[in-house]
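Colleague: Okay, here's what each chain looks like letter by letter:
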Amino acid sequence: MSAPMIEVKNLWKEYGNNVVLERMNLQVKAGEFITMVGASGCGKSTFLKMLLGMEEPTRGQLLLDGKPIPNEPDQARGIVFQQYSVFPHLSVEQNVILAREFERSPLLGKLFGRARREVLEEARALLAKVGLSHAAKQYPHELSGGMRQRLAIAQALIRRPRILLLDEPFGALDPGIRKDMHTLVHQLWQEHELTVFMVTHDISEGFALGTRLWVFDKLRRDDQAPEAYGANITYDLPVNRESLAQLKERDYG
Amino acid sequence: MRRLINLKPSRSVGVMLGLLPFALIVIIYIAASDKRLAENPDDRLLPSFTQMGEAVERLAFEPSRRTGEYVFWEDTKSSLQRLGLGIGIAALIGFSIGTLTGSIPLVNSPLSPLLTVISLVPPLALLPILFIVFGLGELAKVALIVIGVAPFIARDIQRSAQEIPTEQLVKAQTLGASTWHILLRVLIPQLTPRLIAAVRLSLGTGWLFLIAAEAIASTDGLGYRIFLVRRYMSMDIILPYVAWITFLAFLFDWLLAQLSRKAFPWHHQGGKA
Numbered sequence: 001m002s003a004p005m006i007e008v009k010n011l012w013k014e015y016g017n018n019v020v021l022e023r024m025n026l027q028v029k030a031g032e033f034i035t036m037v038g039a040s041g042c043g044k045s046t047f048l049k050m051l052l053g054m055e056e057p058t059r060g061q062l063l064l065d066g067k068p069i070p071n072e073p074d075q076a077r078g079i080v081f082q083q084y085s086v087f088p089h090l091s092v093e094q095n096v097i098l099a100r101e102f103e104r105s106p107l108l109g110k111l112f113g114r115a116r117r118e119v120l121e122e123a124r125a126l127l128a129k130v131g132l133s134h135a136a137k138q139y140p141h142e143l144s145g146g147m148r149q150r151l152a153i154a155q156a157l158i159r160r161p162r163i164l165l166l167d168e169p170f171g172a173l174d175p176g177i178r179k180d181m182h183t184l185v186h187q188l189w190q191e192h193e194l195t196v197f198m199v200t201h202d203i204s205e206g207f208a209l210g211t212r213l214w215v216f217d218k219l220r221r222d223d224q225a226p227e228a229y230g231a232n233i234t235y236d237l238p239v240n241r242e243s244l245a246q247l248k249e250r251d252y253g
Numbered sequence: 001m002r003r004l005i006n007l008k009p010s011r012s013v014g015v016m017l018g019l020l021p022f023a024l025i026v027i028i029y030i031a032a033s034d035k036r037l038a039e040n041p042d043d044r045l046l047p048s049f050t051q052m053g054e055a056v057e058r059l060a061f062e063p064s065r066r067t068g069e070y071v072f073w074e075d076t077k078s079s080l081q082r083l084g085l086g087i088g089i090a091a092l093i094g095f096s097i098g099t100l101t102g103s104i105p106l107v108n109s110p111l112s113p114l115l116t117v118i119s120l121v122p123p124l125a126l127l128p129i130l131f132i133v134f135g136l137g138e139l140a141k142v143a144l145i146v147i148g149v150a151p152f153i154a155r156d157i158q159r160s161a162q163e164i165p166t167e168q169l170v171k172a173q174t175l176g177a178s179t180w181h182i183l184l185r186v187l188i189p190q191l192t193p194r195l196i197a198a199v200r201l202s203l204g205t206g207w208l209f210l211i212a213a214e215a216i217a218s219t220d221g222l223g224y225r226i227f228l229v230r231r232y233m234s235m236d237i238i239l240p241y242v243a244w245i246t247f248l249a250f251l252f253d254w255l256l257a258q259l260s261r262k263a264f265p266w267h268h269q270g271g272k273a
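Keeping their order, the protein sequence lines are chains Y and S.
Residue numbering for the first sequence follows this note's numbering, beginning at 1 and increasing consecutively.
Residue numbering for the second sequence follows this note's numbering, beginning at 1 and increasing consecutively.
Keep in mind that the hints were calculated from the coordinates and are not lab data.
Please note: incorrect hints may appear among the correct ones.
Stated by the list, open to error - Listed below are the simulated DSS-like cross-link pairs for lysine-lysine, each with C-alpha atoms no more than 25 Å apart in a straight line:
id	chain 1	residue 1	chain 2	residue 2
1	Y	Lys67	Y	Lys9
2	Y	Lys29	Y	Lys9
3	Y	Lys49	Y	Lys67
4	S	Lys262	Y	Lys137
5	Y	Lys110	S	Lys262
6	Y	Lys67	Y	Lys29
Given only the sequences and the hints, what does the whole structure look like? Please build it.
Modeller: Rendered as structure tokens:
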């Protein structure tokens, strides 16, 4: 068995007296698609932020390839938020090439001439894959919510991150559009050999997309002091293809 | 009968209603002016439009007998130079400080309290100090506008920078951006239209300080002229000058609004993404 990509060892997260997460122990292999569900405030977004490097564990360790995960966001871990993920002052194709511009132009963060044409070519291929070719010159405010999330995904993928983090990315979308997005994310996960962590409120979405489903909840509860105990993963379910097919039939039939 | 708050004028009625107060003011002025001039042809308080026209013609289209210059245009040129320089420098300083304090905590901590205190100092109270330090020349007048306007712009831009969603800053970092990249490609482009808005708001204050400085120590300029001719009760010059200043203020405001709309269409169409 290959070494785990991400390892969580006795991890705690506290804000003052408020324990958010406690005693978490987990291993994640490269290529898994993990969906996280749970009630509001159960710590799944906090866990995602720790994976991203926006928050640090209070106790315990969060390891990436055996080393503590970097404590600020970087290009190894892409993110798509529910909103505000794309830049309103840049057109669709400018949004996508931005990551390449940061990479190749340390001084100006902007490419010109041939270098620019090269990355635009790359961006167009990616935009075709997410179905946004026709909107390359448009600005985010001219796009629908679904198109904006497609753009956010294309933008996150151009530098080929190993990990893709999705924070309720489809929460604000219509059910029909959400289904299209599921197909897209699933396809990109396979093509780009990504390890995906997705926070969602929709448990059927969690089953439909993931290879593994985590349910966040509190194992210990004190009604007099609701903040005294943190949440943990109460169910760690492998999702197999048959149950997926059944679910698809039931939900989308 | 519908409720008052639900009654909306049609477009043409709206325009008419908008023009009505202007027409009323002009009519009342002409009536009052005629009455006073009929009683005393040498009255200086409410000059007729003809008298004002003659005064403007004398100042704007005939060279001054003393210097050979066209006084009206020289005044306009000097004043606009001071205002432009003052507002320009203030915008540059305010934008830099606002952007940096609004985005970099280590810059914010030492500068933010200082900025708050400075912005509370009444700039006109500093005018004597400026005259002592910089002398009575151009520098003191420009400095007054800068001191009066820059803190406001800095605070406005600082707030705008803090309002940019954290998600965007995090996203930029996951795309491999350095702090410099984030400033250059994420913050500055999005804050530029906010700067134009801040400059539009501060132009009125800028005029205030300009005219105050010119009134106290100057040898030309629009503010200097109206305070000079006040001694002779020359309302026929003061009123057209005030109208001209108002028109210039309106013109710059309009031009900046147009510039912003042309250059940053995404900002005006509600782009927050």
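Colleague: Which hint numbers does the structure go against, in order from smallest to largest?
Modeller: none
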